[in-house]
Amino acid sequence: MNDITLGRRAALYGLVCVTVLYSFFPIYWMLISSFRDDRSLYANFSLLPGPFSLTNYEVLLELTDYPTWFTNSILVAFGTVCITLVISVLIAYSVTRLQFRGKMVVVGTMLYAYMFPPLLLAIPLFSLFVKLGLADTRLSLMISHCTITLPLGVWLLWGFFKQIPMDVEEAAMVDGCSRLRAFILVVLPLTLPGVLTVAIFSFLLSWTDYTFALVMIGTDSLKTLPAGLDTMVGSYELRWGELMAGSTLIALPLLVMFMFLSRYFIHGLSAGALKG
Amino acid sequence: MAVVELTGVTKKFGDVLAVDAVNLAIADGEFMVFVGPSGCGKSTTLRMVAGLEATTAGTIAIGDRDVTRLQPKDRNVAMVFQNYALYAHKNVYQNLGFGLQVRGTPKSEIDMRVRRAADMLGIEDLLDRKPKQLSGGQKQRVALGRALVRDPDVFLLDEPLSNLDAKMRVRMREEIAKLHAATGSSMIYVTHDQIEAMTLGDRIAVMQDGRVQQVGPPLELYDRPANVFVASFIGSPEMNLIEGELAQKGKAAGFVSGELSLPAPAKLKDPSNGGREVVAGVRPEHLAVVSDAHAGFAAKVDLVEQMGAQTLLLCSSGATSVRALVDRDDKVAIGDRIRLQAAQDNVHVFDLGNGASLLAG
Numbered sequence: 000m001n002d003i004t005l006g007r008r009a010a011l012y013g014l015v016c017v018t019v020l021y022s023f024f025p026i027y028w029m030l031i032s033s034f035r036d037d038r039s040l041y042a043n044f045s046l047l048p049g050p051f052s053l054t055n056y057e058v059l060l061e062l063t064d065y066p067t068w069f070t071n072s073i074l075v076a077f078g079t080v081c082i083t084l085v086i087s088v089l090i091a092y093s094v095t096r097l098q099f100r101g102k103m104v105v106v107g108t109m110l111y112a113y114m115f116p117p118l119l120l121a122i123p124l125f126s127l128f129v130k131l132g133l134a135d136t137r138l139s140l141m142i143s144h145c146t147i148t149l150p151l152g153v154w155l156l157w158g159f160f161k162q163i164p165m166d167v168e169e170a171a172m173v174d175g176c177s178r179l180r181a182f183i184l185v186v187l188p189l190t191l192p193g194v195l196t197v198a199i200f201s202f203l204l205s206w207t208d209y210t211f212a213l214v215m216i217g218t219d220s221l222k223t224l225p226a227g228l229d230t231m232v233g234s235y236e237l238r239w240g241e242l243m244a245g246s247t248l249i250a251l252p253l254l255v256m257f258m259f260l261s262r263y264f265i266h267g268l269s270a271g272a273l274k275g
Numbered sequence: 000m001a002v003v004e005l006t007g008v009t010k011k012f013g014d015v016l017a018v019d020a021v022n023l024a025i026a027d028g029e030f031m032v033f034v035g036p037s038g039c040g041k042s043t044t045l046r047m048v049a050g051l052e053a054t055t056a057g058t059i060a061i062g063d064r065d066v067t068r069l070q071p072k073d074r075n076v077a078m079v080f081q082n083y084a085l086y087a088h089k090n091v092y093q094n095l096g097f098g099l100q101v102r103g104t105p106k107s108e109i110d111m112r113v114r115r116a117a118d119m120l121g122i123e124d125l126l127d128r129k130p131k132q133l134s135g136g137q138k139q140r141v142a143l144g145r146a147l148v149r150d151p152d153v154f155l156l157d158e159p160l161s162n163l164d165a166k167m168r169v170r171m172r173e174e175i176a177k178l179h180a181a182t183g184s185s186m187i188y189v190t191h192d193q194i195e196a197m198t199l200g201d202r203i204a205v206m207q208d209g210r211v212q213q214v215g216p217p218l219e220l221y222d223r224p225a226n227v228f229v230a231s232f233i234g235s236p237e238m239n240l241i242e243g244e245l246a247q248k249g250k251a252a253g254f255v256s257g258e259l260s261l262p263a264p265a266k267l268k269d270p271s272n273g274g275r276e277v278v279a280g281v282r283p284e285h286l287a288v289v290s291d292a293h294a295g296f297a298a299k300v301d302l303v304e305q306m307g308a309q310t311l312l313l314c315s316s317g318a319t320s321v322r323a324l325v326d327r328d329d330k331v332a333i334g335d336r337i338r339l340q341a342a343q344d345n346v347h348v349f350d351l352g353n354g355a356s357l358l359a360g
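Read top to bottom, the protein sequences are chains A and B. Just so we're aligned: the first sequence equals residues 0 to 275 in numbering that gives the first Met the number 0. Just so we're aligned: the second sequence equals residues 0 to 360 in numbering that gives the first Met the number 0.
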């Protein structure tokens with residue numbers, strides 16, 4: 000018996016190690032490459048870091064539009080988060096608390112929309128934006144990102160709002176709150192992990208999106224980081240060092256965010272829709 | 000302090016009639032209990048008073064205000080919920096003060112009233128705790144306190160004790176009774192437990208199928224149930240209800256069902272109604288074991304339940320089974336043949352068809 004469990008354990012640990020290696024090696028490689036001297040990128044390289052150099056970062060920040068792209072990414076991501084939160088909170092709350100015709104259709108449609116691959120939506124969306132005069136703007140990119148973030152936001156928050164007992168809200172209403180005030184003072188604080196999860200998720204999605212950014216934005220000064228980095232991949236020249244430095248800087252805010260908010264994110268995912 | 004008046008209050012959920020034209024007046028300072036089986040409309044009626052459900056028809060007045068169309072926040076009622084409904088993200092102090100805070104009460108007064116309520120309920124030591132750190136009884140005290148600080152026109156309590164264990168339920172029942180005595184506020188209390196209703200209520204409204212079956216002080220309901228439903232619902236153990244017929248038996252009209260016979264009550268509306276099929280009711284505690292071989296009726300003991308001070312006998316007389324609650328009897332055994340007798344005044348007679356009482360007054 001003991002041998003079997005020991006064997007199983009070893010196999011399990013082995014599997015975990017392989018998974019961790021598989022997931023982390025590219026990140027590790029990105030990191031050490033970004034700090035490498037240009038010449039050692041292509042010849043005599045080893046799996047260990049070094050020789051250390053900041054040249055890639057200097058070139059990236061001084062000679063490319065990286066700072067502009069960074070600003071664009073921040074603006075688009077925050078915009079997406081704000082739109083997603085306001086709309087998904089309102090929709091999710093309405094479908095859990097109010098009685099109206101076809102409310103399950105709303106939820107169902109949301110999930111259906113989530114199943115479309117971004118590329119399928121990107122082209123018709125772009126032609127819509129052209130008609131509306133929104134093409135090639137940051138707003139058009141935010142709206143495009145919302146096509147993915149909104150359905151998941153509604154779906155997640157729906158699970159959360161369902162878990163908040165009706166009588167807590169009713170108690171607040173009897174205690175002297177209007178429905179809106181009861182919602183803001185009682186329901187929203189209780190669903191904070193869910194709201195944060197949706198915020199993190201939307202940020203993540205918008206921050207790392209490449210497909211929509213590529214289709215929606217043509218002007219260089221409006222590009223976000225992933226699409227901007229792409230312009231550095233030239234036909235005759237592949238500047239790996241700067242690319243790796245740029246990728247590292249894209250990952251940095253995510254890493255910081257997860258360090259502080261992963262607790263809520265995990266709680267949010269486990270307590271929300273998945274459990275409901 | 001106010002009088003709550005319900006006039007023709009009706010609630011429909013789709014095609015389902017949950018509350019059917021309830022008329023009820025609750026006096027200033029009165030403790031009114033709504034009691035009935037689940038689904039009888041008692042909670043819905045309470046929620047309509049609170050404003051949490053809209054009425055389909057009828058009006059609700061608190062004091063001289065018609066509140067039928069008012070929001071819950073504008074009715075000046077306080078409510079205690081079955082699941083406590085505490086605000087999980089606030090501590091006890093904030094839970095108690097929330098109702099005052101949203102109404103813009105000055106901080107010093109909130110503090111004074113929160114501490115007074117906490118003192119009344121013995122929860123001063125818990126003010127810094129979060130709800131999840133409290134036991135069921137403590138949570139219910141906080142929920143009561145939250146209502147108490149508000150000084151509302153009427154307290155609404157929706158099955159506040161049903162989530163507590165039996166011992167705590169008895170203790171909290173006493174505390175609610177004391178609280179009512181101390182504050183003198185009008186209270187409406189919903190429960191499915193007839194013992195809570197009997198012990199707490201100044202008056203009880205027994206509800207079934209959305210209708211009020213009878214309203215009155217606890218002992219009036221016990222002594223003079225208006226129909227078979229009230230008779231069976233109020234009192235524990237449940238009243239024996241036996242189908243049979245009224246018969247002319249010598250001088251006094253009696254009640255006969257097979258071998259079982261009971262004296263007919265003197266207050267029978269129409270004593271000459273011999274042969275009429277009725278339901279007779281007699282409470283287990285009103286049946287006594289007698290030694291006289293000609294008194295009462297014969298019965299065989301099927302089961303003996305010793306309850307300490309009393310003994311509950313499950314007997315059968317022919318095909319009819321009856322229960323008798325007698326003083327402690329150590330000797331009685333299963334299979335014994337005994338005679339049971341009820342006093343004339345303790346027998347109830349109801350119409351077989353609609354279940355209404357056939358006794359006068």
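Don't take each hint at face value.
[Claimed, not checked] Here are some, though not all, of the chain A residues that point toward chain B, as calculated from beta-carbon distances under 8 Å: (1) V17; (2) D37; (3) R180; (4) V185.
[Stated by the list, open to error] No farther apart than 27 Å at their CA atoms in a straight line, the calculated lysine-lysine pairs in the BS3-like style are these: (5) B:K266 x B:K299; (6) B:K166 x B:K129; (7) B:K166 x B:K177; (8) B:K131 x B:K89; (9) B:K106 x B:K166; (10) A:K161 x B:K177; (11) B:K106 x B:K131; (12) B:K299 x A:K102; (13) A:K161 x B:K11; (14) B:K299 x B:K330; (15) A:K102 x A:K161; (16) B:K299 x B:K268; (17) B:K330 x A:K161; (18) B:K89 x B:K106; (19) B:K299 x A:K161.
None of these hints come from the bench; they were simulated from the model. Think of the CB as a built atom: it goes at the ideal place given N, C-alpha and C, for glycine as much as any other residue.
Hints numbered earlier in the text: which of these fail when held up against the supplied structure? Hint check: 1, 2, 5, 9, 10, 12, 16, 17, 19 fail, others pass.
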